[in-house]
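*Asks:* Now for the letters of each chain:
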Amino acid sequence: MDGRIARTAGRARSTIITSGSTAAVEPVRVEVSGLTKTFGRVRAVDDLSFTVEPGQVTGFLGPNGAGKTTTLRMALGLVTPDHGTTTFNGAPYAALSDPMRRVGAVLETAFHPARSGRNHLRVYCRAAGLPTSRADEVLDQVGLGPAGGRKAGGYSLGMRQRLGLATALLGDPAVLVLDEPANGLDPEGIQWLRGFLRHLAHDQGRTVLVSSHLLAEVEQTADRVVIVGAGKLVHEGSLEQLRSGTDGEGAGTVLVRTPHTTRFADLLGEDGVAVRVTDPEGMTVTGMTTAEVGRRAFADGIELHELRPHTSGLEEVYFRLTAGSEQFAAAPAGSAAPTDGRRNR
Amino acid sequence: MDRLVRSEWTKLLTTRVWIGLVLGACLLAGGFAALLTAFAGNAGSGLPAVGTPQFEQLAFAVAANGTVLALVLGVIGMTQEYRHRTATPTFLASPHRGRVVVAKLIAYALAAVPFAVAVCAVTVLVVAVYAGARGAVPALSADNVAVLLRAALAMVVYAVIGVGLGALLRNQVGAIVGALVYLYVIEPIISSIPATSGAYEWMPGGALEAMTATTRTTDLLAAWQGGLLLLGYGLLAAVVGTMLAVRRDVV
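Sequences listed follow chains A and B, in order. First residue of the first sequence: 221, per the working numbering; consecutive thereafter. First residue of the second sequence: 26, per the working numbering; consecutive thereafter.
Simulated from the structure, these hints should not be mistaken for lab results. Please note: incorrect hints may appear among the correct ones.
Per the computed footprint, the stretches of chain A lying under chain B, defined by three or more beta-carbons under 8 Å from a beta-carbon of chain B, are [stated by the list, open to error]:
1. 294 to 300
2. 311 to 321
3. 332 to 344
What you are looking at is a predicted structure, and each value in this text was computed from that prediction instead of being measured. Even for Gly, the Cβ is constructed at its ideal location relative to N, Cα and C.
Construct the entire structure; sequences and hints are all you get.
*Replies:* This is the structure we're talking about:
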């Protein structure tokens, strides 16, 4: 009797997920506070604090070796921090009564190679006290239904990512933590994942934290970003703040190519717009849209060869923020050979 | 806790490792039973003749050979989490790692019961058919059943030791090879050197012999003492392993 009720409840819950309506999920705020971890002589994570809000996708960014994975593992109790805490609505992971029903995590794509995807999921259904029918539901949800009976050892990297995501979704958790989930996914899979994560956060009010070393990967998905470099927080805020922040080389900047840079710069300068002439035929204008710049040029009869928004701004900000924090930085191309040559001469 | 135990059984039954181990243990016990029966009563072998209670107890006691594979079963049950990196989802499902180890101890002790029944059944079958062909089917007398029960119990305890050893060492190949080298090389050496042979009765191999041997050539504990000592070794390994190894960072 009990079993039947539990199974029905499970089915009802999954209908909510797949139907796309607004699910009643308890909003959970994740607070990371002062996390610090040293491995040997390397300080992997250094006094890191940030919050992850419900109803949003938060991108957790940083170069390889910046401490992202260590931070996530500390947050989930797999690695013991030297200092600091992570709480889910005030409670650390180990204190959650039914952790898989509160927090779902995809940290690595390792499975017992001889166990089928479906059986892998059933193992964790049992551990979490969920009906084993959830295994088939989440397999369908991530598009692995037909491959559920095959051994996980034969899965492609993309299929492993999906199985990992399915494991995280078993308990229908309010919080999802994903470490580099786009690794190994094909472009179609990445597209699907983006839509899926947005749906979970925006339509269902779940808290989604997704790490990546590529800004472009989360740029279209994330509402907020937390950027780390060498274990330290370098930026926390919305993508808009990141774009407009610092020195204004963000989305508000327009690139203009014209033979009359000096004259146009003077005209725009009279309007109080920030202008920077970059070369005899190029300039950047900050504080005006492309339409406004075009209208001004048209009104004054200035010949334009190019007019476009400065889109690479975000990537540049990301690079500057994390500059020098890569664990293994390569020497700039071609820098070594000329030095040697000069010495020989 | 029952959830975690059931989760462990699902893990065990959804790969084929258990089939190989059960078959291996049955072959080992059945093979030794056949050999023993073949040479029973042979003047050169020194074995008691078919039809004597000494032979029947000795032949049934070979079921205890299954302990080695019960040990391997327990070791694999614990160490596969590290070998295949499933420790991450397992400890996410149950952040209290001590409970995972306890669940494995219970799950593998109980799983070793049908394992032991199968090994004992094969042993009895081989001896009954072969000794029957040689003139005397052994009866399931109280003494003979007691020998089988002690062998079965030893297999259950060895599965527990396997889980404990796996928790302590975490490395699957290392734990299995280490256990085999210890049982078949180190302990025999210790027991054969006069200066150290006195310690043998307190060691896992000596305790196993106390539990299952039907003839005694050296000083041994009583069967129940040997069983408790073995269980103590298994639980000690599990507790120390949980504190020193299982609590370590899963990176």
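*Asks:* All hints are to be evaluated individually against the structure, with a verdict given for each.
*Replies:* Each hint tested on the structure:
no.: 1; hint: 294 to 300; in the structure: holds (count 5)
no.: 2; hint: 311 to 321; in the structure: holds (count 5)
no.: 3; hint: 332 to 344; in the structure: holds (count 10)
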